[in-house]
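S.K.: So the chains spell out like this:
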Amino acid sequence: MFIKQSNDTFIRKYNNIGYIYNQRTKHDRIYDETGSIFLSKLTRTPKNFNEITEELQSIFTSANRAEIENDLKDFILELEKDKFVIVGESKNDVESKDYLFSYSFEDPKKSTYSFLNPEKYQTILSTTDFFDNYLRNNPQIIDMEMELTSRCNERCLHCYIPHENKLNDIDAQLAMDILCQMKELGGINISLSGGEPFLHENFISILQSARKNDLSISILSNAVLLSNEIMSCIKDANISQIQISLYSMNQKEHDKITQLQGSWKKTIDNIERLISENIPVQISCPVMKINQFSYIDVLKWGYDKKIKVNTDFIMMGRTDFSTDNLKFRLNSIETTQLIKDIIRNDKEYIEQLDIEPKSNKFDDYKNKPVCGVGISNICMVSNGNFYPCSGWQSYILGNAYKNSLKEVWENSENIKFLRSITNSSFPQCLSCEARDYCSMCMVRNFNESNGDMFKVNKNFCEVAFITKKEVENYKSKRK
Amino acid sequence: MSYKKPEVLAKNQPTGSYSAGCPEKTGTCWRSCEIRK
Numbered sequence: 011m012f013i014k015q016s017n018d019t020f021i022r023k024y025n026n027i028g029y030i031y032n033q034r035t036k037h038d039r040i041y042d043e044t045g046s047i048f049l050s051k052l053t054r055t056p057k058n059f060n061e062i063t064e065e066l067q068s069i070f071t072s073a074n075r076a077e078i079e080n081d082l083k084d085f086i087l088e089l090e091k092d093k094f095v096i097v098g099e100s101k102n103d104v105e106s107k108d109y110l111f112s113y114s115f116e117d118p119k120k121s122t123y124s125f126l127n128p129e130k131y132q133t134i135l136s137t138t139d140f141f142d143n144y145l146r147n148n149p150q151i152i153d154m155e156m157e158l159t160s161r162c163n164e165r166c167l168h169c170y171i172p173h174e175n176k177l178n179d180i181d182a183q184l185a186m187d188i189l190c191q192m193k194e195l196g197g198i199n200i201s202l203s204g205g206e207p208f209l210h211e212n213f214i215s216i217l218q219s220a221r222k223n224d225l226s227i228s229i230l231s232n233a234v235l236l237s238n239e240i241m242s243c244i245k246d247a248n249i250s251q252i253q254i255s256l257y258s259m260n261q262k263e264h265d266k267i268t269q270l271q272g273s274w275k276k277t278i279d280n281i282e283r284l285i286s287e288n289i290p291v292q293i294s295c296p297v298m299k300i301n302q303f304s305y306i307d308v309l310k311w312g313y314d315k316k317i318k319v320n321t322d323f324i325m326m327g328r329t330d331f332s333t334d335n336l337k338f339r340l341n342s343i344e345t346t347q348l349i350k351d352i353i354r355n356d357k358e359y360i361e362q363l364d365i366e367p368k369s370n371k372f373d374d375y376k377n378k379p380v381c382g383v384g385i386s387n388i389c390m391v392s393n394g395n396f397y398p399c400s401g402w403q404s405y406i407l408g409n410a411y412k413n414s415l416k417e418v419w420e421n422s423e424n425i426k427f428l429r430s431i432t433n434s435s436f437p438q439c440l441s442c443e444a445r446d447y448c449s450m451c452m453v454r455n456f457n458e459s460n461g462d463m464f465k466v467n468k469n470f471c472e473v474a475f476i477t478k479k480e481v482e483n484y485k486s487k488r489k
Numbered sequence: 019m020s021y022k023k024p025e026v027l028a029k030n031q032p033t034g035s036y037s038a039g040c041p042e043k044t045g046t047c048w049r050s051c052e053i054r055k
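First to last, the protein sequences are chains A and B.
Using my numbering, the letters of the first sequence correspond one by one to residues 11 to 489.
Using my numbering, the letters of the second sequence correspond one by one to residues 19 to 55.
Note that these hints are calculated values from the structure, not bench results.
Some hints could be false.
As a list, the in silico PhoX-like pairs of lysine-lysine whose alpha-carbon atoms are at most 25 Å apart [claimed, not checked]: (1) Lys51/A <-> Lys23/B; (2) Lys91/A <-> Lys22/B; (3) Lys479/A <-> Lys489/A; (4) Lys23/A <-> Lys22/B.
If you anchor each label on the Cβ, the simulated ranges turn out as follows [stated by the list, open to error]: (5) Lys22/B <-> Glu174/A: 56 to 66 Å; (6) Lys23/B <-> Ser459/A: 51 to 61 Å; (7) Lys22/B <-> Asn175/A: 50 to 60 Å; (8) Lys23/B <-> Asn377/A: 25 to 35 Å; (9) Ala182/A <-> Lys22/B: 38 to 48 Å; (10) Arg165/A <-> Lys23/B: 52 to 62 Å; (11) Leu110/A <-> Lys23/B: 28 to 38 Å; (12) Lys22/B <-> Ser434/A: 36 to 46 Å; (13) Lys22/B <-> Glu90/A: 17 to 27 Å; (14) Arg146/A <-> Lys22/B: 23 to 33 Å.
Backbone N, C-alpha and C define an ideal beta-carbon position, used for all residues, glycine too.
Bound conformation, chain A alone (with noise of 0.2 Å):
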């Protein structure tokens, strides 16, 4: 029998656990210390199970050859059961049956999710609730958003980054040494993103180093740019997705929010590109004034193309704390109308609707961190800056220039401080009945309250308020 890890998924160690993920079905999995070891074993090239036995008897010098046989089989074959690993009689076997992603899949974007499925329930804890309470202890980079550059082609309206900053390349030498250095760390999703990543003139290498670094790559982009070398290079790296901003169907709406003429022709056509490559696409559709009543067809044409469409209508202020922006985002009623409609066409939301709220357990949920910044994501920018998060680009914690990742990770005090807060740092929003349907985020509170993250921003409030009502009316109406 010969073993390899699949294309899409990801092995990391972290002290005395193994976590191994996949970035096609978001499938994912912790395991003790031998488990662990197990894992580490695996390999992107096809191995002979006799090889990987003996490697393990080298390690558990006191277990007996047949006992680890019996154990390294039935993990295999649960690993294989969901696509972690492929099996085979031979190498060329194991390798004839490691697909990539295709849009000739059924519902590509459904397999995402089909974990959903009451059906696969099991009692075993899940990975979100074991990595709360490790990571609160265990602080992991696992997630890390590279703004490769500020600069952009396209100049939206709603926008955080000032226009007037949107100037610098990130040097491509430093990127590439960072990215090493996050794998180095056991780091696993790295999102390129900018400004638009495709004006670095390096980022075919900048893309290229994060493959060979073995990490799960996202692209944030609006795709105008897209050039047939840069798509071939993107195909060639197995990326797990490449997000897309489109805001409408309508092209003259689509190009007044990006104020760029002929963005959506572009956008639309790079879509439909990235889609016959099989290149996996999700698509970004923010919400706002302009575009409240296209946006739906967004949905509707993505879910014709088999992608993903996520909706955002909560705006965030500028990184320099001005608000100008938000002049376009929606009123109380113009959101009550939006979340009905999500309500009535996306199928996915209704489906989550079900799930129990996580803060049900009060007593855990409040010494929860609001958000995973400094627990287990961290972004970098073009001028070598380190933040929590891309729109919180006025809480520098450490510089590339003058600091290794891991030096910021462990010693900076502004990060030592977000790991401090918890849900409890909020207490009105601990007893509020719409807790549940809050997406606060202390990033938007911090730019639109001239840098105070703890001044909780109405527009949560108020939003919250409307989606609890219209749920609970979608509710009962089921009933």
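Got chain A; can you put chain B on it based on the hints?
M.R.: Relative to the frame of chain A, chain B by itself:
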């Protein structure tokens, strides 16, 4: 090193998958930090 059979401590569940980032809370399942553009 002493040996015991490998054990799964956690796996993706309908109630939570770290890698999928969802579901966080009822009705607010978008990870808005990932769909900011």
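S.K.: Evaluate each hint against the coordinates.
M.R.: Checked hints:
1. Lys51/A <-> Lys23/B: holds, 15 Å
2. Lys91/A <-> Lys22/B: Distance ~22 Å between Lys91/A and Lys22/B Cα, so the pair holds.
3. Lys479/A <-> Lys489/A: Holds, at roughly 16 Å.
4. Lys23/A <-> Lys22/B: holds, 18 Å
5. Lys22/B <-> Glu174/A: 56 to 66 Å: Check passed, 60 Å falls within 56 to 66 Å.
6. Lys23/B <-> Ser459/A: 51 to 61 Å: Taking Cβ atoms as reference, Lys23/B and Ser459/A lie about 53 Å apart, which means the hint holds.
7. Lys22/B <-> Asn175/A: 50 to 60 Å: holds, 55 Å
8. Lys23/B <-> Asn377/A: 25 to 35 Å: Since Lys23/B and Asn377/A have Cβ atoms about 33 Å apart, the given range 25 to 35 Å holds.
9. Ala182/A <-> Lys22/B: 38 to 48 Å: holds, 46 Å
10. Arg165/A <-> Lys23/B: 52 to 62 Å: Because 58 Å falls inside the window, the suggested range holds.
11. Leu110/A <-> Lys23/B: 28 to 38 Å: holds, 33 Å
12. Lys22/B <-> Ser434/A: 36 to 46 Å: holds, 38 Å
13. Lys22/B <-> Glu90/A: 17 to 27 Å: holds, 22 Å
14. Arg146/A <-> Lys22/B: 23 to 33 Å: holds, 26 Å
When the structure is compared with the earlier hints, no violation turns up for any of them.
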